[in-house]
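These protein sequence lines map, in sequence, to chains C and F. With the numbering used here applied, the first sequence corresponds to residues 1068 to 1645, in that order. With the numbering used here applied, the second sequence corresponds to residues -8 to 79, in that order.
If you're looking for bench data, these hints aren't it; they were derived computationally from the structure. Any given hint could turn out to be false.
Claimed, not checked - Cut-off 20 Å, straight-line C-alpha distance, at most; resulting in silico cross-link-like pairs (SDA-like, lysine to any residue):
no.: 1; chain 1: F; residue 1: K47; chain 2: C; residue 2: D1194
no.: 2; chain 1: C; residue 1: K1198; chain 2: C; residue 2: R1392
no.: 3; chain 1: F; residue 1: K2; chain 2: C; residue 2: G1491
no.: 4; chain 1: C; residue 1: K1165; chain 2: F; residue 2: K0
no.: 5; chain 1: F; residue 1: K19; chain 2: C; residue 2: P1157
no.: 6; chain 1: F; residue 1: K0; chain 2: C; residue 2: G1383
no.: 7; chain 1: F; residue 1: K31; chain 2: C; residue 2: S1162
no.: 8; chain 1: F; residue 1: K2; chain 2: C; residue 2: R1392
no.: 9; chain 1: C; residue 1: K1141; chain 2: F; residue 2: A11
no.: 10; chain 1: F; residue 1: K19; chain 2: C; residue 2: E1190
no.: 11; chain 1: F; residue 1: K31; chain 2: C; residue 2: E1190
As the list claims (entries may be wrong) - Beta-carbon label-pair distances, calculated as ranges:
no.: 12; chain 1: F; residue 1: A(-5); chain 2: C; residue 2: E1440; range: 38 to 48 Å
no.: 13; chain 1: F; residue 1: A(-5); chain 2: C; residue 2: P1247; range: 49 to 59 Å
no.: 14; chain 1: C; residue 1: R1118; chain 2: F; residue 2: K31; range: 24 to 34 Å
As the list claims (entries may be wrong) - Which chain C residues face chain F? A few, computed with CB under 10 Å, are given here:
no.: 15; residue: M1185
no.: 16; residue: I1192
no.: 17; residue: Y1457
Keep in mind the model is a prediction, meaning the values are calculated, not measured. Ideal Cβ placement from N, Cα and C applies to all residues, glycine included.
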Amino acid sequence: MALMIKGIPAAPGIALGNAVLYVPNNTAEICPETQKKIGPEQVEEELRRVREAVAKASDELKDIGSQVSKKAGKEAAEIFFAQEMMVNDPSLLESITKNITERFLPAEQSCYLACLEMAETMEQIPDEYFKQRANDLRDIGKRLVRCLKGIPETSLDSLEDGSVLVAPDLAPSDTASLDPSKVKGIVLDHGGKTGHTAILARSLGIPAVVGTIQATSSICAGDLVAVDGESGEVLVRPDESLVSEVRKRAEAYEKERQRLEKLRDLPSVTVDGRRVETSANIGSPKDVPLVLRAGAEGVGLFRTEFLFIDRDAMPGEEEQFAAYREVLERLSPRPVVIRTLDIGGDKEIPYLNLPAEDNPFLGVRAIRLCLKEKELFKTQLRALLRASRYGNLKIMFPMIATVDELREAKRILGEVRRDLEREGHEITGFEVGIMVEIPAAALCADVLARECDFFSIGTNDLVQYTMAADRGNPELGSLSDPFHPAVLRLIERTIKSGHEAGIWVGMCGEMAGIPEAVPLLVGMGIDELSMAPGSVPRCKEIVRKLDLKRAREVKEAVMKMTDAKEIRAYLLNFVSKL
Amino acid sequence: MVRATVKVKNKVGLHARPAALFVQEAMKYPCKIIVESDGKRADAKSILQVLALGVKCGQEISIITEGENEHTALQKLVSLVENGLEGA
């Protein structure tokens, strides 16, 4: 009987293959029995076993390190060499030994507890680096127990061609050893869209469904499994008619992918030669391969929040500089728009001590917060300016509502720049722009355009603020639509005002990646569209089929229409006939 | 027993990769090696202890060696720190 499991679509594509169940024993709980004690006569034997296990674990780590180093580079391998050092650490060995000789614990528990206790001490230090080392210590503890029990290490190296990998979750060390030529699809019990497995699967082009909860309990090794990374559906043991249907869809998908892949190196210009840059939105340096793979012509929005969330202390200038530099350098000479910090009271950032607000989306957030917390802002601006010489940098301020805010932000930027130059730093050309996402900014776009180098329209917030509809509230779905005439008028006005002042205008909200929005926006004169990397090929394809005259006619027709439904239907019809 | 005091000049301090390099160098010598900083002591051959010292850029550390080859060990470790722990 066929079974359908639903999960979170994490990497697009359709795969059909035989399941390989993978239970990584580094992440599995191999906690040893807690009750047992050893007799004094066993102490010597247990110490000997520990020495053997340490030697074995050390060899394993050395092997993994050199394998990863070959495949993914020295940097990716560093974590394994660090673990190798730790497993041989004399103070770790001392505390394991004490557990055996003084507490009479068996070797397994002695190792496990010693690592756990040390990990806990490390974790007390408020520093990201020590957090990671604490995780390393826990990994080492599990590895030692496994070596003591003589269980061989599971490995992804021995997968057969055409396998669908089914696992509870994958650790970074597992994904590092993944061979993309053998794995056709990935299905996980845990994980989310932004987890490392999802990111890796997307960059390797392997269809993946994560967060299924029950994959490992409902799929048996060898089962035929169909993975749809677009819908998040996993078909287990499909019958013949289903199989042939899946095959057809997989073929169609593959054809479409190849067709879009051909677009990768083609420029994003209309038939009559108007350039409309198609760029990608990214959230961390890890997304750079996705940008390149998608054939994006730049980054229209690099969100810097990843540097600030899920941690206990502010990221320093050096850490930020390294992240900005990495993205600029790897994408040079493509333009990269980096948005300054965009957070507020709705996000838990413990070290900032932000007061809870009744209405965080209308509160002290983004540029409003940065203008209050000047040191935070200055640190980010210093890191950005120092990175300017490594690529084509464009700095963008979010949530600008008034020209005063823009002036104040620019004043601080100027101050930071003078400081840096006095310190002898080299700063090269960069642009300064704003995100137009508050109706006030769109309405006064003519005023703002005179004081910056570019606009980027953020449609998600622009829609929410224009329609007074919380974008997270599913009851208000029909109001949260960028095709409402009110929103379209603000967008048109912003583009027009920008062009009249001689600056370029882009869009980095979700609307930019909706295929049917492309003809309308091109008709309005948009200069750049920035979207999720996966949407780039399709939108580029539409740009390349348009001519400016037709696009303008579409725009004229749409601006006369009265409601979002009618507009969408008209545009969908237009795009389907391109 | 010999000892020397030296200032840590590299940006991250005795941390991450520089700490690993320091410990790797220390392990090459049979003698006992202690690092002192800010009243705390660590076995120079233990990455965990050295990291726990939390030595920052600009801070001074004392290196104490005792036993076989104590002079060579001290000299090598001091020059490694002085050269900014950039790798051997």
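Structure-based check of each hint:
The suggested pairing of K47 (chain F) with D1194 (chain C) holds, with an alpha-carbon distance near 13 Å, which does not exceed 20 Å. Using a Cα cut-off of 20 Å, the hinted pair K1198 (chain C) and R1392 (chain C) is violated, with the two alpha carbons roughly 24 Å apart. Taking the CA atoms of K2 (chain F) and G1491 (chain C), the gap is near 17 Å; set against the 20 Å cutoff, the hint holds. For the hint pairing K1165 (chain C) with K0 (chain F), the CA-to-CA distance comes to about 37 Å; that exceeds 20 Å, so the pair is violated.
A C-alpha spacing of about 14 Å is found between K19 (chain F) and P1157 (chain C), which places the hinted pair at or below 20 Å, so the restraint holds. Between K0 (chain F) and G1383 (chain C) the CA atoms are separated by roughly 18 Å; this keeps the pair inside 20 Å, and the hint holds. About 19 Å separates the Cα atoms of K31 (chain F) and S1162 (chain C), which keeps this hinted pair within 20 Å; it holds. With a CA separation close to 17 Å, the supplied pair K2 (chain F) and R1392 (chain C) stays within the 20 Å bound.
Distance hint between K1141 (chain C) and A11 (chain F) is fulfilled; the C-alpha atoms sit about 15 Å from each other, no more than 20 Å. The straight-line distance between the Cα atoms of K19 (chain F) and E1190 (chain C) is roughly 29 Å, outside the 20 Å bound, and the hint therefore fails. Using a Cα cut-off of 20 Å, the hinted pair K31 (chain F) and E1190 (chain C) holds, with the two alpha carbons roughly 19 Å apart. A(-5) (chain F) and E1440 (chain C) have their C-beta atoms about 43 Å apart, which keeps the hinted 38 to 48 Å range intact.
For A(-5) (chain F) and P1247 (chain C), the Cβ-Cβ distance of about 51 Å falls inside the hinted range of 49 to 59 Å, so the restraint holds. A hinted range of 24 to 34 Å holds for the C-beta pair R1118 (chain C) and K31 (chain F), which are about 29 Å apart. Among the interface hints, the one on M1185 (chain C) holds; its C-beta lies about 6 Å from the nearest C-beta in chain F, closer than the 10 Å criterion. Against a cut-off of 10 Å between C-beta atoms, the interface hint on I1192 (chain C) holds, since the closest Cβ of chain F lies about 7 Å away.
Violation of the interface hint for Y1457 (chain C) is found here, the shortest Cβ-Cβ separation to chain F being roughly 18 Å, above the 10 Å cut-off.
Going through the hint list in order, the structure does not satisfy hints 2, 4, 10 and 17.
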